[in-house]
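Sequence lines, in order, name chains Y and W.
Sequential numbering of the first sequence, starting at 1, is according to our numbering.
Sequential numbering of the second sequence, starting at 94, is according to our numbering.
Keep in mind that the hints were calculated from the coordinates and are not lab data.
Incorrect hints may appear among the rest.
What the hints assert, rightly or not - Pairs of lysine to any residue residues, derived as SDA-like cross-links and limited to a Cα-Cα distance of at most 20 Å, are as follows: (1) W:LYS199 / Y:LEU38; (2) W:LYS149 / W:ASP173; (3) W:LYS199 / Y:LYS64; (4) W:LYS211 / Y:ARG30.
What the hints assert, rightly or not - Which chain W residues face chain Y? A few, computed with CB under 8 Å, are given here: (5) ARG116; (6) LEU120; (7) VAL186; (8) ARG187; (9) ASP190; (10) ALA223; (11) ARG225; (12) GLU227; (13) LEU229; (14) SER230; (15) ILE231; (16) ASP233; (17) ILE237; (18) PRO241.
As the list claims (entries may be wrong) - Listed next, with one range per pair, are the computed distances between beta-carbon atoms: (19) Y:LYS69 / W:LYS106: 51 to 61 Å; (20) Y:ASP57 / W:LEU111: 49 to 59 Å; (21) W:LEU242 / Y:GLY68: 31 to 41 Å; (22) W:GLY206 / Y:VAL76: 50 to 60 Å; (23) Y:GLY68 / W:GLY206: 29 to 39 Å; (24) W:ARG147 / Y:VAL71: 44 to 54 Å; (25) W:GLY194 / Y:GLY68: 53 to 63 Å; (26) Y:ASP59 / W:ASP151: 22 to 32 Å; (27) Y:PHE70 / W:GLU236: 16 to 26 Å.
Idealized CB from N, CA, C, for every residue including glycine.
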Amino acid sequence: MMNLMRLFGGRAGSAPVARERLQILLAHERGRNGGPDLLEVLRSEILGVVSKHIDLDPDKVVVKMDRGKFVSMLEVDIEVPNGVQRSMMVAAT
Amino acid sequence: MFDLINVVQGVAKLPQALIRDKRLENLWLLPASQTRDKDALTEEGINRVIADLRTKFDWILCDSPAGIERGATLAMRYADEAIIVTNPEVSSVRDSDRIIGMLDSKTVRAERGERVEKHLLVTRYDAARAARGEMLSIDDILEILATPLLGIVPESQDVLKASNVGSPVTLNNANSAPARAYIDAVRRLMGETIAMTVPVERKGLMDRLLRRRAA
């Protein structure tokens, strides 16, 4: 169909594709520009709270934001070392 | 000959590095070093030079390297106003969007809660291709970047011709379409109200005949 349209002069330009690519890129980048600070703040505060009770490797606390069309998912992934006392584990969960 | 880095490092005084333009008597140039590492430039060094220049000149044009690297952030750091030069390509509009974000957050004015006034200058524009849907249109670009338009410079062979001989297009061929576009943009920047059009090439009969033969 596209080929037919091109043949008969109704050439589909590439500008709409450029527009769409830009909109997707910028939606992603603008979201990120406001994002790193917020996620970093969240990460360090979560790390601070959990570290009061459990010894954590700071690098094993991962905070991610997955932006969806309608809702976004804040994902907090904390790896806890195995040496932690059982009572603390119960309290932490 | 001294340059910006020499002045920033205190090796030379500002007047020793300023070069008077041969064509325009009220234009002075301060070259950035082409050989030395630009990492020698510091924020406070630039601050000093610009503060010094402010006491001597009405307008200080700080040419920024293309893109979003450190050179660009240094160039915009002390700006009162900014002209964002973009062309209708995805990569260019994308970088412009990043730069606009930085102008609103990483400049001294932004940090003081003031605004850097922004102007958008679109270059290498081909109205016919945009009309055929082969190029992002001015409206597309304005919608994406949401920044006031200062001017539209049409794609033209005159730009390379002028660049080849080391002259600004506005001096090399002041009647050419890009030259008129730049002159209009400058007048808008100075506060004049000028209708926003894309200047087109004026073709005389001889010009057309010659061009046809040459082709």
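Checked hints:
1. Under the criterion of a C-alpha separation no larger than 20 Å, the hint pairing LYS199 of chain W with LEU38 of chain Y is consistent with the structure, at around 17 Å.
2. Taking the CA atoms of LYS149 of chain W and ASP173 of chain W, the gap is about 16 Å. The hint holds against a cut of 20 Å.
3. For a cut-off of 20 Å, the pair hint linking LYS199 of chain W to LYS64 of chain Y is broken: about 25 Å separates their Cα positions.
4. Of the supplied pair hints, the one linking LYS211 of chain W and ARG30 of chain Y holds, its CA atoms being roughly 18 Å apart against a limit of 20 Å.
5. At about 38 Å, the closest approach between the beta carbon of ARG116 of chain W and any beta carbon in chain Y exceeds 8 Å, and the interface hint on this residue is violated.
6. Given hint, LEU120 of chain W at the interface with chain Y, is violated; its Cβ is 36 Å from that chain's nearest Cβ, farther than 8 Å.
7. Hint status for VAL186 of chain W: holds, given a least beta-carbon distance of 6 Å to chain Y, under 8 Å.
8. Residue-level restraint check for ARG187 of chain W holds (minimum Cβ-Cβ distance to chain Y is 6 Å; threshold 8 Å).
9. Look at ASP190 of chain W: its Cβ gets to within about 5 Å of chain Y, closer than 8 Å, so that hint holds up.
10. Evaluation of the ALA223 of chain W hint against chain Y yields a held restraint, the C-beta minimum of about 7 Å falling below 8 Å.
11. Hint status for ARG225 of chain W: holds, given a least beta-carbon distance of 6 Å to chain Y, under 8 Å.
12. Interface restraint check: GLU227 of chain W against chain Y, minimum CB-CB distance 5 Å, threshold 8 Å, status holds.
13. Evaluation of the LEU229 of chain W hint against chain Y yields a held restraint, the C-beta minimum of about 5 Å falling below 8 Å.
14. Contact between SER230 of chain W and chain Y, as hinted, is supported at the beta carbon level, the nearest pair being about 7 Å apart and thus within 8 Å.
15. At a threshold of 8 Å, the smallest CB-CB gap from ILE231 of chain W to chain Y is about 12 Å, leaving the interface hint violated.
16. Proximity of ASP233 of chain W to chain Y holds as hinted, the smallest CB-CB distance being about 5 Å (cut-off 8 Å).
17. Checking ILE237 of chain W against chain Y: minimum C-beta separation of about 6 Å stays under 8 Å; hint holds.
18. Proximity of PRO241 of chain W to chain Y is violated relative to the hint, the smallest CB-CB distance being about 19 Å (cut-off 8 Å).
19. Separated by about 59 Å at the C-beta atoms, LYS69 of chain Y and LYS106 of chain W satisfy the suggested range of 51 to 61 Å.
20. Here the CB-CB span from ASP57 of chain Y to LEU111 of chain W is close to 56 Å, well matched to the stated 49 to 59 Å.
21. A C-beta distance of roughly 34 Å is found between LEU242 of chain W and GLY68 of chain Y, which places it inside the suggested range of 31 to 41 Å.
22. Taking 50 to 60 Å as the suggested C-beta distance range, the pair GLY206 of chain W and VAL76 of chain Y does not conform, at roughly 33 Å.
23. The hint said 29 to 39 Å for the Cβ distance between GLY68 of chain Y and GLY206 of chain W, and at roughly 34 Å that hint holds.
24. For the hinted restraint 44 to 54 Å between ARG147 of chain W and VAL71 of chain Y, the CB-CB distance of approximately 50 Å keeps it satisfied.
25. Hint check: GLY194 of chain W to GLY68 of chain Y, Cβ distance near 23 Å, so the stated range 53 to 63 Å is violated.
26. For the pair ASP59 of chain Y and ASP151 of chain W, the supplied restraint of 22 to 32 Å is violated, since their beta-carbon distance comes to about 53 Å.
27. The beta-carbon spacing between PHE70 of chain Y and GLU236 of chain W, approximately 24 Å, falls within the hinted interval of 16 to 26 Å.
Consistency note: the structure conflicts with the earlier hints numbered 3, 5, 6, 15, 18, 22, 25, 26.
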